[in-house]
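Here is what each chain is made of, one letter per residue.
Protein chains: 4
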Amino acid sequence: MVRVLIVYASDHGSTEKMAKALADGVKSVEDSIAELVKADDARIEHLLSCDALVIGTPVHMGSIDWRVKKFIDTVCSGAWMQDKLIGKVGAVFASGSGYGNGGGGCELAMLSVLNNIAELGLLIVPLPKKTPGYKVAGLQWGPYGRAHAEDLSPKGLSDDQLVSSKHHGMHIARVANILKDAQIFE
Amino acid sequence: MVRVLIVYASDHGSTEKMAKALADGVKSVEDSIAELVKADDARIEHLLSCDALVIGTPVHMGSIDWRVKKFIDTVCSGAWMQDKLIGKVGAVFASGSGYGNGGGGCELAMLSVLNNIAELGLLIVPLPKKTPGYKVAGLQWGPYGRAHAEDLSPKGLSDDQLVSSKHHGMHIARVANILKDAQIFE
Amino acid sequence: MVRVLIVYASDHGSTEKMAKALADGVKSVEDSIAELVKADDARIEHLLSCDALVIGTPVHMGSIDWRVKKFIDTVCSGAWMQDKLIGKVGAVFASGSGYGNGGGGCELAMLSVLNNIAELGLLIVPLPKKTPGYKVAGLQWGPYGRAHAEDLSPKGLSDDQLVSSKHHGMHIARVANILKDAQIFE
Amino acid sequence: MVRVLIVYASDHGSTEKMAKALADGVKSVEDSIAELVKADDARIEHLLSCDALVIGTPVHMGSIDWRVKKFIDTVCSGAWMQDKLIGKVGAVFASGSGYGNGGGGCELAMLSVLNNIAELGLLIVPLPKKTPGYKVAGLQWGPYGRAHAEDLSPKGLSDDQLVSSKHHGMHIARVANILKDAQIFE
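Chains as they are written, first to last, in my numbering: chain A, 1 to 186; chain B, 187 to 372; chain C, 373 to 558; chain D, 559 to 744.
Mixed in with the good hints, there may be bad ones.
Computed far set for chain C versus chain A, every beta-carbon distance over 10 Å [to be verified]:
no., residue
1, GLU402
2, GLU407
3, ARG415
4, LYS441
5, LYS442
6, HIS520
7, LYS527
8, ASP532
9, PHE557
Below, in silico cross-link-like pairs of lysine to aspartate or glutamate (EDC-like), each with a Cα-Cα straight-line distance of 16 Å or less [said to hold, decoys possible]:
no., chain 1, residue 1, chain 2, residue 2
10, C, LYS442, A, ASP40
11, B, LYS256, D, ASP598
12, A, LYS70, A, ASP40
Quick caveat, the hints were computed from the structure, so don't treat them as lab data.
Quantities reported herein were computed from a predicted structural model and do not represent experimental measurements.
Note that beta-carbon positions come from the ideal geometry of N, C-alpha and C, so glycine has one too.
Could you build the full structure based on these sequences and the hints that come with them?
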């Protein structure tokens, strides 16, 4: 049994929708359970008991949401100092308004998360372009849901935009199952 | 009179279209001329005689086009070593297919360019969201033209998508005029 | 008279030392005053009354400190929504332990800040390599003070490592004076 | 048997030294062979027959060497278009002069490579801080060898600075062995 921990913050529900779709993908894989925890509530115990850590963030001002960063600075940092998560699996997803047709900073927001994930020593699962749903909600680093239309009206995420998150969850759970108990890093 | 040098590479013409629109913006500002040079043809003399350097790149595999990088590594590097361009003005623009609705790496491609521009010591002109045309071809780092539709059919850049480039050219020329002959860096 | 606002967070005093050195540089330029405000205390009024915004952050887990990000998400974002700071001047600095000889994520931390600065529409002042003190505390994006020795003993910042911050402050104040009242963005 | 392909460019030999150390690490793992290929010589056949792709680059002007980018744009792109490498293993390393004590752009250079690696759909192996040799040649994204002293004299890489590369090679080979023939991505 592998446990995939999904930590996220959400303003208007889009990141949460993606988190739930990702959890559905995890649960569709044999021997895999998903645990959804809001960034404000996540504790080091959640980290220590998981096999994979997935972090989801709204895109704010071109980078990570401050509540997600607070979780990283105050919770993940302790696990990092003590090398507690090395060799587990990591991934990222994000939602945003996508102001300006170029993603509005979604890539740097995801990299702000991935930098932490790399520091923790997690194997990173990217999102290949052939993943179902990639065209409407994908970036190579992970699922990206653009919640606003081009004219910035808040249309919300469609079901189509949740498909890539679900498949990302499946990929992550499979990698976590394969790597479980592996000795990679001395 | 200020001279704005625009160096670019282009595969199917989109980056070139943006370069020309940006040049039009430059020329619409008093006392300002634009010089368009392909990356393969750019020489250090072009750099030494300009007041502003604008670099345009197609997005390839999530970062800068290799021809643009060759220009940076083999031409700009010499000017950098000798501190020749410090205090001039710099900016970036990019075009891409935008595979995957999150910009397909456009942001890191632009930052690959901006890293060079920062090393050269150029004052960086960003693209504010209120710039005309931002919604359909803008990122905070500069104009970004997505040349494909969501289903990846190659629709090309529309006239609407060139408006932000033109205005970026105007902003750059204005800054170059104001900073001309200024003593900023000792 | 130009007002340079320096917003920062600090854990053990290194970022604060850099902030003060930067302020000294600002004040050494004619017609320039510096205002130091901790991220927790910064309000939108500080932003509206400044001519240049400089943000300093400790490097935590490879990106921006969460308190600085909270300032950006909850204070800067309002000014961004209303296009209130466009055409002002912006810059960044950071301190960190530099775990691992490659800067330990200092570059992405600085870019997390600069993404916000670009979105606000600020002209970005980089740090050219010929700046005094660059060798011991410089990155092209701005001053970077590594507060730990290679063996990670907390040696603190030396006076040498504050020189680049002071000169960055001088550069920023000069640019702010030149651009004051300029009409760049329509 | 897994095959780890190491593609790199090198100016003065530092990146090549790291490539060879990484290959030594690969070969020390059971059932693992390493293949060293210069970027100019790498062909799509090399990519198709490998189980892991490791790309090494000198840091030039804050990002990837243009010869490495040419390999990515002209060789990797074909494999990407056809989804040929999805589910393999990927990693990065870099060497540079480290001008300025903050790594001189090493992080964005590594991310320029990783963006390609993520697009190819490779599982990314980071470098945890407890890896032997991390303190003198490590960044969370992979080994980083700073070839110059602080005063920029070209001291070259010491043996100590090659240790993290060797261990990175061991980690990569182990992951490649575990993931071989796994079905992760549908």
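- request: Evaluate the condition: distance from the CB of GLU402(C) to the nearest CB of chain A exceeds 10 Å.
  value: Its Cβ never comes within 10 Å of chain A, the nearest being 33 Å, so this holds.
- prompt: Beyond 10 Å from chain A, beta-carbon-wise, is LYS442(C)?
  reply: Answer for LYS442(C): violated, closest chain A Cβ roughly 4 Å.
- prompt: Was ASP532(C) rightly flagged as not at the interface, with every chain A Cβ beyond 10 Å?
  reply: Given that every Cβ of chain A is farther than 10 Å from that of ASP532(C), nearest at about 28 Å, it holds.
query: ARG415(C) clear of chain A by more than 10 Å, beta carbon to beta carbon?
result: holds, 16 Å
query: Is the Cα-Cα distance between LYS256(B) and ASP598(D) 16 Å or less?
result: Within the cut-off at roughly 14 Å; holds.
query: Against chain A, does LYS527(C) keep a CB gap of more than 10 Å to every residue?
result: It holds; LYS527(C) is separated from chain A by about 19 Å at its closest Cβ, greater than 10 Å.
- request: Could you check that no beta carbon of chain A comes within 10 Å of the beta carbon of LYS441(C)?
  value: It is violated; LYS441(C) is separated from chain A by about 4 Å at its closest Cβ, not greater than 10 Å.
- request: Could you let me know if the closest chain A CB is still more than 10 Å away from the CB of GLU407(C)?
  value: Non-interface label stands for GLU407(C): nearest chain A Cβ at 21 Å, farther than 10 Å.
Hint consistency between LYS70(A) and ASP40(A) [alpha-carbon to alpha-carbon, up to 16 Å]: holds, 8 Å
message: Checking one constraint from the list: CA of LYS442(C) to CA of ASP40(A), max 16 Å. Satisfied?
response: holds, 14 Å
query: HIS520(C) clear of chain A by more than 10 Å, beta carbon to beta carbon?
result: holds, 14 Å
Separation of PHE557(C) from chain A, once the least beta-carbon distance is taken, above 10 Å: Given a closest Cβ separation of 15 Å, the condition holds.
Going down the numbered hints, you'll see the structure goes against 4, 5, while the others check out.
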